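2 protein chains.
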Amino acid sequence: MRFTLALGKGAIAASFMSMTSESSLHSEQPSEDDDRILAGYRLSIDNIDAALIHMLAERFRITQAVGQYKATASLPPADPDREQRQIGRLRKLAEEAHLDPEFSEKFLRFIIDEVIRHHEQARDDAS
Amino acid sequence: MRFTLALGKGAIAASFMSMTSESSLHSEQPSEDDDRILAGYRLSIDNIDAALIHMLAERFRITQAVGQYKATASLPPADPDREQRQIGRLRKLAEEAHLDPEFSEKFLRFIIDEVIRHHEQARDDAS
Numbered sequence: 320m321r322f323t324l325a326l327g328k329g330a331i332a333a334s335f336m337s338m339t340s341e342s343s344l345h346s347e348q349p350s351e352d353d354d355r356i357l358a359g360y361r362l363s364i365d366n367i368d369a370a371l372i373h374m375l376a377e378r379f380r381i382t383q384a385v386g387q388y389k390a391t392a393s394l395p396p397a398d399p400d401r402e403q404r405q406i407g408r409l410r411k412l413a414e415e416a417h418l419d420p421e422f423s424e425k426f427l428r429f430i431i432d433e434v435i436r437h438h439e440q441a442r443d444d445a446s
Numbered sequence: 320m321r322f323t324l325a326l327g328k329g330a331i332a333a334s335f336m337s338m339t340s341e342s343s344l345h346s347e348q349p350s351e352d353d354d355r356i357l358a359g360y361r362l363s364i365d366n367i368d369a370a371l372i373h374m375l376a377e378r379f380r381i382t383q384a385v386g387q388y389k390a391t392a393s394l395p396p397a398d399p400d401r402e403q404r405q406i407g408r409l410r411k412l413a414e415e416a417h418l419d420p421e422f423s424e425k426f427l428r429f430i431i432d433e434v435i436r437h438h439e440q441a442r443d444d445a446s
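Chains as they are written, first to last, in the numbering used here: chain A, 320 to 446; chain B, 320 to 446.
Worth flagging that the hints you see were computed from the coordinates, not collected in a lab.
Just so you know, these numbers come straight off a predicted model, no measurement behind them.
You may find that some hints are simply not true.
[To be verified] Once the Cα atoms are required to be at most 30 Å apart in a straight line, the calculated BS3-like pairs of lysine-lysine come out as:
id : chain 1 : residue 1 : chain 2 : residue 2
1  : A       : 425       : B       : 425
2  : B       : 411       : A       : 411
3  : A       : 425       : A       : 411
[To be verified] Now the in silico label distances, taken between C-beta atoms and shown as ranges:
id : chain 1 : residue 1 : chain 2 : residue 2 : range
4  : A       : 397       : B       : 392       : 41 to 47 Å
5  : B       : 392       : A       : 443       : 50 to 56 Å
6  : B       : 366       : A       : 387       : 27 to 33 Å
7  : B       : 411       : A       : 417       : 30 to 36 Å
8  : B       : 402       : A       : 417       : 35 to 41 Å
9  : A       : 392       : B       : 404       : 42 to 48 Å
10 : B       : 392       : A       : 387       : 47 to 53 Å
11 : B       : 392       : A       : 395       : 50 to 56 Å
12 : A       : 429       : B       : 444       : 22 to 28 Å
13 : A       : 373       : B       : 393       : 34 to 40 Å
14 : B       : 446       : A       : 399       : 25 to 31 Å
15 : B       : 428       : A       : 392       : 30 to 36 Å
16 : B       : 411       : A       : 411       : 33 to 39 Å
17 : B       : 399       : A       : 415       : 32 to 38 Å
Cβ coordinates follow ideal geometry from the N, Cα and C atoms, glycine included.
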């Protein structure tokens, strides 16, 4: 029944998947590798994830430069005022993009925690 | 001493910041709003964050469609085999982009936890 829904885009997706899919014979769940609709969605997710990883790599390149600069200039690793402005801005952007603003805040907190960890390392390395 | 390092790009950054900066007179930390180098870095970070938020919004649009589809097709919300393949792929991409592979895995886990929460909601809504 699922295959009656497979359209052109899904068929292309499935042909891509067939080159890379791994066996799930050991699983008692129904095999999802043959599901063309799911495969199409997953190709889009994989493309977006590659973009996210590269954006994050660039973001950490910049924040590592910030960390080194803050360590040199004896500025504190964390900046609560700046963080509050960032949270407010990203919540607005999230709303406009129909992303849960709560999640956008959680996401920024997740990233900033990692950045602060880097900054503290840079400070410790400099001292 | 810090200002002797301010170059053209930093000066432009600082003029942007002056339009939007908030007072930090209440803080006992040295004011960072006037720091042109830091302001330049922060403009880049803000641009990247806007891109990240929009990529995440699109990713959740897709995973919400996946969640609805999985609920309709009675597929389980989580798929550990798929997650392992995603982790392996993103770790490789992270290495190529000079991003800490450990962080890329933590990031994907953070995102997937949110997605699974959405999928479970969709399943509960459908039942």
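Now for the hints, and whether the structure bears them out:
no., hint, result
1, 425/A - 425/B, "holds (14 Å)"
2, 411/B - 411/A, "violated (33 Å)"
3, 425/A - 411/A, "holds (14 Å)"
4, 397/A - 392/B: 41 to 47 Å, "holds (46 Å)"
5, 392/B - 443/A: 50 to 56 Å, "holds (51 Å)"
6, 366/B - 387/A: 27 to 33 Å, "violated (21 Å)"
7, 411/B - 417/A: 30 to 36 Å, "holds (31 Å)"
8, 402/B - 417/A: 35 to 41 Å, "violated (25 Å)"
9, 392/A - 404/B: 42 to 48 Å, "holds (44 Å)"
10, 392/B - 387/A: 47 to 53 Å, "holds (50 Å)"
11, 392/B - 395/A: 50 to 56 Å, "holds (52 Å)"
12, 429/A - 444/B: 22 to 28 Å, "holds (27 Å)"
13, 373/A - 393/B: 34 to 40 Å, "holds (36 Å)"
14, 446/B - 399/A: 25 to 31 Å, "violated (43 Å)"
15, 428/B - 392/A: 30 to 36 Å, "holds (34 Å)"
16, 411/B - 411/A: 33 to 39 Å, "holds (35 Å)"
17, 399/B - 415/A: 32 to 38 Å, "holds (35 Å)"
The structure is inconsistent with the numbered hints 2, 6, 8, 14, although it conforms to all the rest.
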